[in-house]
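K.L.:
Same order as they appear, the protein sequences are chains U and F. Under my numbering, residues 1 to 304 are what the first sequence spells out, in order. Under my numbering, residues 305 to 682 are what the second sequence spells out, in order.
Honestly, I wouldn't trust all of these hints.
[What the hints assert, rightly or not] So these bits of chain U aren't anywhere near chain F, every CB distance computed over 12 Å:
#1 32
#2 110
#3 123
#4 146
#5 200
#6 270
[To be verified] Here are some, though not all, of the chain U residues that point toward chain F, as calculated from beta-carbon distances under 7 Å:
#7 201
#8 208
#9 209
#10 222
Calculated from the structure, these hints are not laboratory results. Here the structure is a predicted model, which is why all the values come from computation and not from measurement. For every residue, glycine included, the Cβ atom is placed at its ideal position computed from N, Cα and C.
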Amino acid sequence: MIRPGHLRKVGVSGRGLVVALPYLWLLLFFVVPFVIVLKISFSDIDLAIPPYKPLIEWIGKNSLAIKVNFNNYAFLFTDPLYIHAFLNSIKVAFISTLLCLIIGYPMAYGIARSTASTRNVLLLLVVLPFWTSLLLRVYAWIGLLKANGVINNVLIWFGVIHEPLTMLYTPFAMYVGIVYSYLPFLILPLYANLEKMDWQLLEAAEDLGCRPWQAFYKITLPLSRNGILAGSMLVFIPAVGEFVIPALLGGPNALMIGRVLWDEFFSNRAWPVASAVAILLLILLVPFMMWYQSVQARESAGAR
Amino acid sequence: MSKPAEPVKSTPWSDPTARPYVQIERVTKSFGDFKAVDDVSLNIYQGEIFCLLGASGCGKTTLLRMLGGFETPSSGRILIDGEDMTGVPPYERPVNMMFQSYALFPHMTVEQNVAFGLKQDRVPKTQIAERVATMLDLVKLGGFAKRKPHQLSGGQKQRVALARSLVKRPKLLLLDEPLGALDKKLREHTQFELIGLQDKLGVTFLVVTHDQEEAMTLASRIGVMDHGEIVQAGTPLEIYEFPSSKFVADFVGTVNIFEGKLIEDEPEHVRIGSDELGGTIFISHGISAAPEAMVWAAIRPEKIFMSTAPPPGTDNVVRGAVQDIAYLGDLSIYLVKLPTGKVVRVTQPNTSRHAEAITWEQQVYLSWDSSSPVVVTR
Numbered sequence: 001m002i003r004p005g006h007l008r009k010v011g012v013s014g015r016g017l018v019v020a021l022p023y024l025w026l027l028l029f030f031v032v033p034f035v036i037v038l039k040i041s042f043s044d045i046d047l048a049i050p051p052y053k054p055l056i057e058w059i060g061k062n063s064l065a066i067k068v069n070f071n072n073y074a075f076l077f078t079d080p081l082y083i084h085a086f087l088n089s090i091k092v093a094f095i096s097t098l099l100c101l102i103i104g105y106p107m108a109y110g111i112a113r114s115t116a117s118t119r120n121v122l123l124l125l126v127v128l129p130f131w132t133s134l135l136l137r138v139y140a141w142i143g144l145l146k147a148n149g150v151i152n153n154v155l156i157w158f159g160v161i162h163e164p165l166t167m168l169y170t171p172f173a174m175y176v177g178i179v180y181s182y183l184p185f186l187i188l189p190l191y192a193n194l195e196k197m198d199w200q201l202l203e204a205a206e207d208l209g210c211r212p213w214q215a216f217y218k219i220t221l222p223l224s225r226n227g228i229l230a231g232s233m234l235v236f237i238p239a240v241g242e243f244v245i246p247a248l249l250g251g252p253n254a255l256m257i258g259r260v261l262w263d264e265f266f267s268n269r270a271w272p273v274a275s276a277v278a279i280l281l282l283i284l285l286v287p288f289m290m291w292y293q294s295v296q297a298r299e300s301a302g303a304r
Numbered sequence: 305m306s307k308p309a310e311p312v313k314s315t316p317w318s319d320p321t322a323r324p325y326v327q328i329e330r331v332t333k334s335f336g337d338f339k340a341v342d343d344v345s346l347n348i349y350q351g352e353i354f355c356l357l358g359a360s361g362c363g364k365t366t367l368l369r370m371l372g373g374f375e376t377p378s379s380g381r382i383l384i385d386g387e388d389m390t391g392v393p394p395y396e397r398p399v400n401m402m403f404q405s406y407a408l409f410p411h412m413t414v415e416q417n418v419a420f421g422l423k424q425d426r427v428p429k430t431q432i433a434e435r436v437a438t439m440l441d442l443v444k445l446g447g448f449a450k451r452k453p454h455q456l457s458g459g460q461k462q463r464v465a466l467a468r469s470l471v472k473r474p475k476l477l478l479l480d481e482p483l484g485a486l487d488k489k490l491r492e493h494t495q496f497e498l499i500g501l502q503d504k505l506g507v508t509f510l511v512v513t514h515d516q517e518e519a520m521t522l523a524s525r526i527g528v529m530d531h532g533e534i535v536q537a538g539t540p541l542e543i544y545e546f547p548s549s550k551f552v553a554d555f556v557g558t559v560n561i562f563e564g565k566l567i568e569d570e571p572e573h574v575r576i577g578s579d580e581l582g583g584t585i586f587i588s589h590g591i592s593a594a595p596e597a598m599v600w601a602a603i604r605p606e607k608i609f610m611s612t613a614p615p616p617g618t619d620n621v622v623r624g625a626v627q628d629i630a631y632l633g634d635l636s637i638y639l640v641k642l643p644t645g646k647v648v649r650v651t652q653p654n655t656s657r658h659a660e661a662i663t664w665e666q667q668v669y670l671s672w673d674s675s676s677p678v679v680v681t682r
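This is chain F alone, in the form it adopts within the complex:
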């Protein structure tokens, strides 16, 4: 059986000779009986923005704190630039962290906050002033040097925190929900600024977030975490288009999942019978699954076509009635109820201003390309 087609890679993580910059080797962290991080191994390469994505309590923050030195792994080890970090306290690590709460020192000005780490390293005074000024200009806070944190807006505080953690030129920057406290518009804007800044400085970023959109925008690669484990690591495209499990497919983006069984298993195609769908799903490539095993076909809402007239062909077509419509402006979300009772989510871009709209209760045909469904076995 052949594997599904995968996107072309020209990236260090697909190059076996590339030396990883951060190596997490079989790291476990237990709190009593509870394993917050469970046997995680991960390589991060220089210049990457790696996002740990997961719901709260999945262990992503614990993993981040172990990299920062605030928690000690129960077992396993962490190497940064080839150096074993076991037993190295936070103040001696070549790592800086941007805290979710920003943790700006309230009794110091913006300038003093940013200069704090450099002073600690006994950098000469003239150099400190220069580096702080450059960094503040870089985060567009040049005019705010003398302000105290309580005189700043949320977005400005975020920049100070970023400047403070970057000014020491760490080998690895840890960002804990860096944009979590910003409102939506500002968040989108800041995402792109963050990428620009990372590009300019070449610092390796490790970002923890629960926001999949944030992860998709920022990341060179995403590691999806669940119950202390990294369930899948890959580029945003791989994670979205080639999820390895129901959990990943469902966690990243929205998806329609149909439970079914393999009824035809050929090297070049498979056919899945699904009672939930009330029909069969034809997939134009082979998959690796045991015969008669339970499988799940995951189809993204934007990959389903909806029409009032029956589409040609009999494969991958199903009939249903529109149950609900959400008009979002750029696109509309339709909830279509199949005769089996299953509700399918379909999104359609609103490409025309005067399109003949599909309305409530209308009978529609749903169809999809035979390459669209992703089959997962767990």
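Looking at chain U on its own, in the form it has when it is part of the complex:
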């Protein structure tokens, strides 16, 4: 039987264990896969299983050869497809974030200013979609948006339009899907920020001569900056690499980096190139993640 005393003798304390667990988690599920992907990104493509050549190889009896191949990365910069896909992903993620902000800010504000009992109901409604799988919800949008789908039928029935609108497999459908799926990620941190707001500040601003919208612009908006940034990052970062929604709702022109990655990996079986894409995507997103972390740290420190 292991008693705490025994563990302490070998230099393991309870506190140490608690701290070590998340690190162990990160090591197993982030660092190790990352190193594997990094390794593949530097290897040559091969018609074998797995479809790449080993990086480190024994040649002969006593010599170990390490062969690092930068061609995969060079290839990404020579073929305009990849640059284009990267830029397009950033554009789509940026526009989606902006749309989420425009829709989500008033919602978060409304929830934060409602009475305690209404607030709980509204928050529940925001979180409720998470109880169903994302895939199912995106499929539901196909049913809503397709040519003889719910929206078109209702519009025709009311006589607003005579021909069904082409919505499915367009950028519009893709944006609808992304904004719909990621909206809660923006609302929740923004709500958490606005909920801490001292509303008397708005009265003070009005007292000093601000109209309500001026008070919002000069007081509420700057004070909710951290909430806006945190929420936006939570939408932007995953939206850049989004694959499912563009694949299901976007048209063939919806060239997103996530989709390119999928194609390289499964259709072309070009694991090294796919890995290089994945590494570049990660490098691209690291600054945003670090920004998000610093915003979070500031937010929890309470300094504004």
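With chain U held as given, fit chain F onto it using these hints.
P.N.:
Same frame as chain U, now just chain F:
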């Protein structure tokens, strides 16, 4: 019957020709069935420091917020400098408010906080800088212009809030518990500074407070509020020495109240028989009360004399035993139990360091001047 003698007045509120600066006319504010402010009429004159004094929930803050424009009266109207404020939003009123929580903008420096209202009014930049600097010097925060509110102490925050609300030179400044968040020493100090500042700037102040000491120090006049009504308005002296009701007498300061009936009702004097006292109270002036009506005689603790030897005369004297003593340094509080069971509070200044002290259980005589009791009928 003649009224009790009242203090001499040389003040605008006793001058019927003086024009009131702030007129509150029959203002009522209801929240559902609850009347937070109930038919209040009040005139405030230019340059006054008027204190609304009352316990929490008495409606004083609601009245203040109606003056600021944050609440709309259910009925009645408010005029400031002759202008009807009905329908005028807060941002267009010639009124500023100092909030209880100070409500300083946390993302702005002290300077930006104070300049906020002036910028809003599109005052030229050079003027803003000048006025902000002058105001910050006035509240002794000249060196703190670049600090953020979270870098300030409670007292400094209070000054920033004051500077911010005064810099626009409002016709009326509303102060919601202005010193409530400060500790006792600082509060006393700030009270006098506030009076000095008001004197210098000539702005009319309306202060809301639950602290009677604060009200007494600051106010030119006090309005005591209870259940949405102003039960008495007058100078601190009037409120303290001539309370109009048991509630006011009890709320402002401490008081001994004896229930009784008029047994002698003459124009020049009255005599009240009180079972609670176990004797009669002789008062050297007439009062207006129905014969046989229940009346209450209120006597302040500092107006009761305590002695071990029987004082001359038989009126206004009662015997009791010292039950408890609280030594406060400058004065001592004695709780004296009368044979009837009633406990009377007496305060005596400790004028000598070596006085022969009255101790616990000692039999004492309590007496008071025949002009000291205040008789109230409600």
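K.L.:
None of the hints should be skipped; say for each whether it holds.
P.N.:
We went through each hint and held it up to the structure:
1. Residue-level check passed: residue 32(U) sits 43 Å from the nearest beta carbon of chain F, beyond 12 Å.
2. With a cut of 12 Å on Cβ distances, residue 110(U) stays outside the contact zone with chain F, its closest approach being about 21 Å.
3. Distance to chain F confirms residue 123(U) as a non-interface residue, since its nearest Cβ pair spans about 25 Å, more than 12 Å.
4. In this structure residue 146(U) is separated from chain F by more than 12 Å, as the shortest Cβ-Cβ distance comes to about 48 Å.
5. For residue 200(U), the shortest C-beta to C-beta distance to chain F comes to about 5 Å, within the 12 Å cut-off, and the non-interface label is violated.
6. Residue placement check: residue 270(U) keeps its beta carbon more than 12 Å from all beta carbons of chain F (closest about 50 Å).
7. Because the smallest distance between the Cβ of residue 201(U) and any Cβ of chain F comes to about 5 Å, under 7 Å, the interface hint for this residue holds.
8. Below 7 Å, beta-carbon pairs count as interface contacts, and residue 208(U) has one with chain F at about 4 Å; its hint therefore holds.
9. With a least beta-carbon distance of about 4 Å to chain F, the hint placing residue 209(U) at the interface is held under the 7 Å criterion.
10. Against a cut-off of 7 Å between C-beta atoms, the interface hint on residue 222(U) holds, since the closest Cβ of chain F lies about 5 Å away.
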